Every structure is written in structure tokens, then in C-alpha cells.
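There are 2 protein chains.
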Amino acid sequence: MRFELTKEFFETLQDAISTENVAWINENVCELHEADIAAIVDELEDDEASYLYRLLDEESQSDVLVELDEDVRERLLKTFSTKEIAGQLENLDSDDAADLVAELPPDQVEEVIGLIEDPEAAEEIVDLLNYAEDTAGGMMQKEFMKVHLEWPVKRCVVELRKQAEEVEKVFTIYVVDDQEKLVGFLSLKRLLFARPDTAIADLYQNKNMISVKTGDDDEDVAKTMDKYDLVSVPVVDLQGKLVGRITIDDVVDVIKDEADKDFQMASGISEKVESSSSVFRMSRARMPWLMIGLLGGILGAQVISGFEYGISEVPALAFFIPLITAMGGNVGVQSSAIVVQSLARGNAHLGSTMKKLKKEALVAALNGLMLSVTIYAITLIFGTPILGLVVSLSLFTVIMFAAIFGTLIPLVLDKYKIDPALATGPFITTLNDVLGLFIYLTIGMLLFNI
Amino acid sequence: MRFELTKEFFETLQDAISTENVAWINENVCELHEADIAAIVDELEDDEASYLYRLLDEESQSDVLVELDEDVRERLLKTFSTKEIAGQLENLDSDDAADLVAELPPDQVEEVIGLIEDPEAAEEIVDLLNYAEDTAGGMMQKEFMKVHLEWPVKRCVVELRKQAEEVEKVFTIYVVDDQEKLVGFLSLKRLLFARPDTAIADLYQNKNMISVKTGDDDEDVAKTMDKYDLVSVPVVDLQGKLVGRITIDDVVDVIKDEADKDFQMASGISEKVESSSSVFRMSRARMPWLMIGLLGGILGAQVISGFEYGISEVPALAFFIPLITAMGGNVGVQSSAIVVQSLARGNAHLGSTMKKLKKEALVAALNGLMLSVTIYAITLIFGTPILGLVVSLSLFTVIMFAAIFGTLIPLVLDKYKIDPALATGPFITTLNDVLGLFIYLTIGMLLFNI
Numbered sequence: 137m138r139f140e141l142t143k144e145f146f147e148t149l150q151d152a153i154s155t156e157n158v159a160w161i162n163e164n165v166c167e168l169h170e171a172d173i174a175a176i177v178d179e180l181e182d183d184e185a186s187y188l189y190r191l192l193d194e195e196s197q198s199d200v201l202v203e204l205d206e207d208v209r210e211r212l213l214k215t216f217s218t219k220e221i222a223g224q225l226e227n228l229d230s231d232d233a234a235d236l237v238a239e240l241p242p243d244q245v246e247e248v249i250g251l252i253e254d255p256e257a258a259e260e261i262v263d264l265l266n267y268a269e270d271t272a273g274g275m276m277q278k279e280f281m282k283v284h285l286e287w288p289v290k291r292c293v294v295e296l297r298k299q300a301e302e303v304e305k306v307f308t309i310y311v312v313d314d315q316e317k318l319v320g321f322l323s324l325k326r327l328l329f330a331r332p333d334t335a336i337a338d339l340y341q342n343k344n345m346i347s348v349k350t351g352d353d354d355e356d357v358a359k360t361m362d363k364y365d366l367v368s369v370p371v372v373d374l375q376g377k378l379v380g381r382i383t384i385d386d387v388v389d390v391i392k393d394e395a396d397k398d399f400q401m402a403s404g405i406s407e408k409v410e411s412s413s414s415v416f417r418m419s420r421a422r423m424p425w426l427m428i429g430l431l432g433g434i435l436g437a438q439v440i441s442g443f444e445y446g447i448s449e450v451p452a453l454a455f456f457i458p459l460i461t462a463m464g465g466n467v468g469v470q471s472s473a474i475v476v477q478s479l480a481r482g483n484a485h486l487g488s489t490m491k492k493l494k495k496e497a498l499v500a501a502l503n504g505l506m507l508s509v510t511i512y513a514i515t516l517i518f519g520t521p522i523l524g525l526v527v528s529l530s531l532f533t534v535i536m537f538a539a540i541f542g543t544l545i546p547l548v549l550d551k552y553k554i555d556p557a558l559a560t561g562p563f564i565t566t567l568n569d570v571l572g573l574f575i576y577l578t579i580g581m582l583l584f585n586i
Numbered sequence: 137m138r139f140e141l142t143k144e145f146f147e148t149l150q151d152a153i154s155t156e157n158v159a160w161i162n163e164n165v166c167e168l169h170e171a172d173i174a175a176i177v178d179e180l181e182d183d184e185a186s187y188l189y190r191l192l193d194e195e196s197q198s199d200v201l202v203e204l205d206e207d208v209r210e211r212l213l214k215t216f217s218t219k220e221i222a223g224q225l226e227n228l229d230s231d232d233a234a235d236l237v238a239e240l241p242p243d244q245v246e247e248v249i250g251l252i253e254d255p256e257a258a259e260e261i262v263d264l265l266n267y268a269e270d271t272a273g274g275m276m277q278k279e280f281m282k283v284h285l286e287w288p289v290k291r292c293v294v295e296l297r298k299q300a301e302e303v304e305k306v307f308t309i310y311v312v313d314d315q316e317k318l319v320g321f322l323s324l325k326r327l328l329f330a331r332p333d334t335a336i337a338d339l340y341q342n343k344n345m346i347s348v349k350t351g352d353d354d355e356d357v358a359k360t361m362d363k364y365d366l367v368s369v370p371v372v373d374l375q376g377k378l379v380g381r382i383t384i385d386d387v388v389d390v391i392k393d394e395a396d397k398d399f400q401m402a403s404g405i406s407e408k409v410e411s412s413s414s415v416f417r418m419s420r421a422r423m424p425w426l427m428i429g430l431l432g433g434i435l436g437a438q439v440i441s442g443f444e445y446g447i448s449e450v451p452a453l454a455f456f457i458p459l460i461t462a463m464g465g466n467v468g469v470q471s472s473a474i475v476v477q478s479l480a481r482g483n484a485h486l487g488s489t490m491k492k493l494k495k496e497a498l499v500a501a502l503n504g505l506m507l508s509v510t511i512y513a514i515t516l517i518f519g520t521p522i523l524g525l526v527v528s529l530s531l532f533t534v535i536m537f538a539a540i541f542g543t544l545i546p547l548v549l550d551k552y553k554i555d556p557a558l559a560t561g562p563f564i565t566t567l568n569d570v571l572g573l574f575i576y577l578t579i580g581m582l583l584f585n586i
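Chains A and B are the protein sequences, given in the same order. Residues in the first sequence are numbered consecutively from 137, following my numbering. Residues in the second sequence are numbered consecutively from 137, following my numbering.
Simulated from the structure, these hints should not be mistaken for laboratory data. One or more of the hints may lead you astray.
As the list makes no split between identical chains, a pair holds if one copy fits it or if it spans any two.
List of simulated lysine to aspartate or glutamate pairs, DMTMM-like, C-alpha gap at most 25 Å [claimed, not checked]:
(1) K325 / D555
(2) K305 / E253
(3) K214 / D356
(4) K492 / D550
(5) K290 / E304
(6) K325 / E156
(7) K408 / D365
(8) K494 / D263
(9) K377 / D182
(10) K214 / D235
(11) K494 / E407
(12) K551 / E144
(13) K343 / D207
(14) K377 / E246
(15) K377 / E279
(16) K305 / E407
(17) K298 / D362
(18) K219 / E247
(19) K408 / E355
(20) K392 / E184
(21) K325 / D199
Fair warning: this is a prediction, and the values are worked out from it, not measured in the lab.
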């Protein structure tokens, strides 16, 4: 029932396309789920993709279009006339249509919208384009089912039947008053089993009615839907009027994007990239952190050069420089990761900072002790007892400092409304490098009595 | 409409609990959404939590119980009699009930199940306990709506009305044949607008029918539901019989857990922890990576000690050790992060390894060039021209190697079915440290003619 794209299938398909074997394609590709067809089109060369796409029926075409990778879709649409693009838009849900229009070259937008035949569809798209992409307004769709408070069930069924043609997935029916203000909701289940003459006012629910505002941030929408286990949420304007709804599939994308962004940020990539992004974009996304790393390295060089005399006296001091910096970095990143996550989940507001710090300090002390004893034992094998003492003593100190900074910095950033995910990765590593070098070399100078 | 837990509200509530001001609590807490009540209970002291919980009505109690943090729930349940726990279970969906039973102390499980009054509910829980937690069977619930292929719409409505009492959220009605095998589905919308005497066989759909098997991995279920934009998916056994369904809210949890795990792994934490985990568990989760880091540091010390003579001749060589190791680590982590993500998304199977490598090498060459020129200019200020040449030349080489390893290692791990997320974080950093030191010091010895 589920399709797996194999290398063999892919090569057979490429053959079929080059020999224009329409029968094979119809039987083996066109019958697949649109998400699977899109995954295939993503992998094809541009002219193959365009050929295959035109073999699909109209309904499938739009569904596949939505599922494509952004850059594949962009290239595919370039092979379309403006009229054809307008035709595709009419088959899409309003939110997908608006997203697609937003991706078009600016000079094409007006023309495409002018060519949409259904005036209502055109109006919906124009309306949705007003909202910023990362807000509830930018995520919502105009397709939803609503009934009026004063209607009886019988009339609802008639009205909903009309609305149902436009709405692909129905989860909840929203109930509005005579000013179009959202007052409650009604599950399809409840409607299905109600008597025809019951009034909606006697049937609808308003306890636990959760809605979002058009201007709400997309991540807040995702948190709200996740927290309240919602599969769809109504969107209201500033007057409380119902203007759209957001469904869970869009929210899953936001959650995944956010996780990707955090992961990349922790890995020192400062702007969202994909493996398909251009070389220049990838380079640009990585440079900020590398520059910070370079700066940290230069500061580190400055610190060590301050101890040049000590190193020329005891060159063995240089041996453990990478160990000290690496361990400081690792511990710092570990501590900050936990704090960043609990901040992202939003469950760190009431827990006190002191409690967190105390716990991280305990963990650091425990790990620091074990690691220091280990390194002391090992250095005894190939160094002097004093060197062992210097390394293990500084290692312990560096671990303690790294844990404390790793915990505090994200909390401070969060307090000043800066994304705490910035704190993990190169930033903490760099700070701990410089600090660790200073601690290590100072202890070295003291114990070696230089 | 949405509740925000403020410090002020929390303190007022604590006062109300200590003065047993039931009226205030009823008005201000019991009317909230269960998810909000759970967030409050999570923050309370144990005796306060227990007091507040018992003021809730039975329905709210179970809903709150499901939403609590695992450790808070565990402590709360300890204040319950076995009989009371059994009572709570009957109000829960079967999947939540089974999860809760699985959390109980093993010696209590049998007794609790024996005390459940509804034999069907007990049977469902016992059945669900058979499946491993991280499989489709372990995620599914027994509450779903199903109709038989040969029924007319009229009978369906009657049967579904009975089933609807048990099923909180209805998304799709599943259609089975006379052997209980899943053959298709029917949307509630379609049923609502059908004539009473239409046969289900003429109404149901089976194109794009996606299902999962009880033994499927939870992450695969999440990927499937995400790919096909499903809000619920039916679960079948090996014979194709319909045995349960999985809803999107459980899948969102899997996606978030997976993202958390990846983020922690990239940060060098090897077992899933939360900020509420114990000090020992946190320490244990971090030790493996720290030990690898320590080992790397010792290897690094070995490498440098091989160049002891060179460093005693030109101590300035030691200055840039942290710069070289840090930059190698940063570049390696950046490259691997992109590969790990595209592997996790499952869209890296057909793209060729060589194409990826070439691109990463281009990005690395571009960044390496810019950084090397920068560092050459800077070292001229406070070092000799030869030192500048050594540092910039090695920096470029190290960046190239780090990018290549960062790309290749996760791909190789993935090929051997090892989680490629292991490759980001300390593992790559450590490897690049050792390699970078060797390259840097070798180039230094050569150019300084030592």
C-alpha cells in the first residue's frame, strides 16, 4: 500500500519517459499517491519532470505541485504559461494557492491573479497575500465550514453540503453569531446524530473553545495546537470575526522547520539551508560562525602568547591545550542544550534559575571529578606528576566554568528576547576555549613555579 | 481564551490551596482547559497537586492526568488507591490507559487491571500492553469507527451512533469486509450527505488508502503520516485485519521527541534526558561523549608531543593550536549537520554521494579561502610572515579535510544502519582535532625548516 522509490523503478521510469511509453507511466505512476508522485518528480531532470507532470490529470497535478520541493516547483512553473498557472491555482486550497503565488516572480503575480476565472478564489488569494508568511494569517486557509447560531440542524445540513464542496478535510464546524463573530464549535459527529429540528444554539459547545488571531506568530500557533491537541484551529481578526482556519498538517511543517533551524543553529549554521541550496548561500550561512570561531582562535593565540615564556620552559604544557579546549567546549554545549530545549518547550518559566544552576553544577562536579582522576592516572604514564596535577586540576576547573556559562548564557539571552539556540554551538565553544586556556596556563605557571 | 500561567496567579492559587478556598479554585482553575490545569499541577508541590486534583470532576481528572509530566504523574498516582487508579483508567482512551498502566510499578499492574469494572476496557488495555512502546501497535488506540462493506448508510448511522460514544475524535470511518479486513475508508462528510439507502460499497473510497502494520517503527509511522498529510491512520495486523488507529497528536509527540533526541545527540548527550532528570542520569548521559573527547585530547597530546622539539624551537607554533582545532571542528559539524538532516528527512537516497561531496568541497574551498586570507593578514600584525603562511595554509587544508569527513562519515554510518546523528557533535570534532594538529604541526616543521 505504501510506495518505496527504488533505483530500479526510477531507471525504468526514465526509460519510459525517453521512449514516451505513456501506457507504462499511466499504469505505474499516475495511479500512485500524489505525495509519492511528487517525490519522484523531485528526483527527475527538468524536461523529464515537465513531461511526466503533463500526463497527470488536473486534480493530481495541483496536489503534486503542492508537495514538490520549492526549487523543483519553481523550475517546473517556468515551463508553464501564465494562463496555465492560473488554472492550477483554482484547484488548490486557498492557503496553498497563496503560498504558490508568493513564490512567483513579482512581475507575474498581477497577471496570474487576473487570469483566475473564479472571482471568489481570486479574492481569497489576494486577501491571504496581505498576511506575513510566519503569522497565523499567513498559514490559514479560507476553506472551512461554519454555521449560524440561530439555524436548526436541518438548515445546517443543507448549507454545509454547499460548503463541503470546497472543504477537503472537515474536522470541526465553527459556529458564528449574526456579526460573524466566532462563538463556539460543533463536531461533525454531534451534527450527524442530532435531530433535524434541534437548534444549533442548543447543540454547539463553547467550553474549551481555542482560537488564534491573524497576527499570532506561527510558532505560537504550533505551540497552542500542540498543547491543546487540536487538529484544526479557527483564526479570528481583531474584532473576533472568523476569517480562516489552520490545519495540523501545516503546523507539523512549522514544528519540523523549527527543529531543523535549532539543529542547524546548534551546528553553527545561521540561516536555514537545505542540501539543495546553492554553494554561495551555503557558504554565507556558515561564515558568521566561522568568523566567530576565527576570532576566538585569535584571542586564544593572544592568551597563549602571554605565556610564551612558560611554554618555552616546559613545552609539554602545549600538549594538553587541545584537550582542555575541547572538554570545555563539550561540557558547555551539553549544558546549554538542555537549557535551550526546556526554554523552547516553554516549561522553564516558573522553575528558578538558581535550581537549574545548582543541578548543572552538581552534574559538572561529578563528571569533572571522574574525568580529572582518569586524566591524572593517564598523564602519570607519559608525563611528570606535576604535569598530571596541572592538567587534572585545570580540567576540573574548566568543566565547572563551562557548565555554569553553558547554563547561564541561554537563560540571559532568553531574558533579553534573543533566541537562546544561538548560545549552543560555536559561541559557547569559543568562549570556553579562551577561558580554558587562561585557566590551564595560569595553573601550569603556578605549579611548575615558572 | 488562552490561559497564561503568571507568577501572580500561581501564588494566589497556592494561597487558596493552603487556606482551602474551594470557591476561588472552582471558579479560577476548574473551568480552565485540562492542558492548562495540567501545566499548573506540574508546577505545584506534591501535596498541593493532590489537593487540587481531587477538586476536579471525574472527566477532567483523567484528561489532566494524561497531560501531566511523567514524574509528576507518578508521584500523584502514589497517593491513589489501586481502586482509584482503576477508576481513572476507565475514563481514558485505550492508548493513554495502556501507557499509564505501563508506567505503574510491575507488582501493581495485575491488581489494577483486575479492578477495572468494564471488561471490554480491561481487555483492550491488556491487548495494547503486548506491543512494544515504539511500534505502531504501541501507539494505536482501540477507539475508532468502522462499518461493514455490505451495510447501507442507514444502518451505518445507527451503528456509528453506538461507536461514537467511545470515540472522542472522529476523522475517518474505516470500512472492513466480512473477515474484518480493512478495505477502504469513508469520510464523515461523505456519510453526512449520503442518501440513507445507499450501500457503503457504493460510497466508500479505496484509492490512496494508507495503513500501517502493528510492528512498524513509530518513526516510520510519523514519516508516513507526515508524507501523506494524514490526521489518522488505521493499523492492521499481519492478516490485514483492522486492529486500531493512530491519531496525529501522538505523531506530533514522536516528531518532537525525535527532534529533541537529534538535538541532544548533536550536543553530545547520548540518552534522552529532560531538565527534570536526576543528577546521576544526566551525568551518565553525558559521560560517553566526554570520554571520547578525553581520548581525543590524549591522542592530540600524543601528536603534539611528537613535535615537542619543533615547539621548543618555535614556541609561537603553540599559539594557533586552539584556532586550528576549533575551526576543523566547526566546519566538520556544519557539513555533517546538513547531511544528517537530509538523511533524517529521507530525501538523500537517490542523490548521489559524489554530488554531495563535490558541493561540500566547493563550499569548504570558498570559506577556507576567505578565512585563510583573513588569518594571514591578521598574523602578519603580530607574528612573522612564515608563521602567517603556516597558519593560513594549514587552516585551508584542515577546513577541506573537515568538510569531506563531515560529509562522508554520516553517509557511511547510515549505510551501515548506524544513526548518522552520532556523527555530528563530539565524534567529528575529536577526529578533526587530531587530524588538524597533525597537518598544522607538519606544515609548521616544514616551513620553519626545523
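message: Name the hints, by number, that the structure is in violation of.
response: When the structure is compared with the hints, numbers 1, 3, 6, 8, 9, 13, 14, 16, 17 and 20 turn out to be violated.
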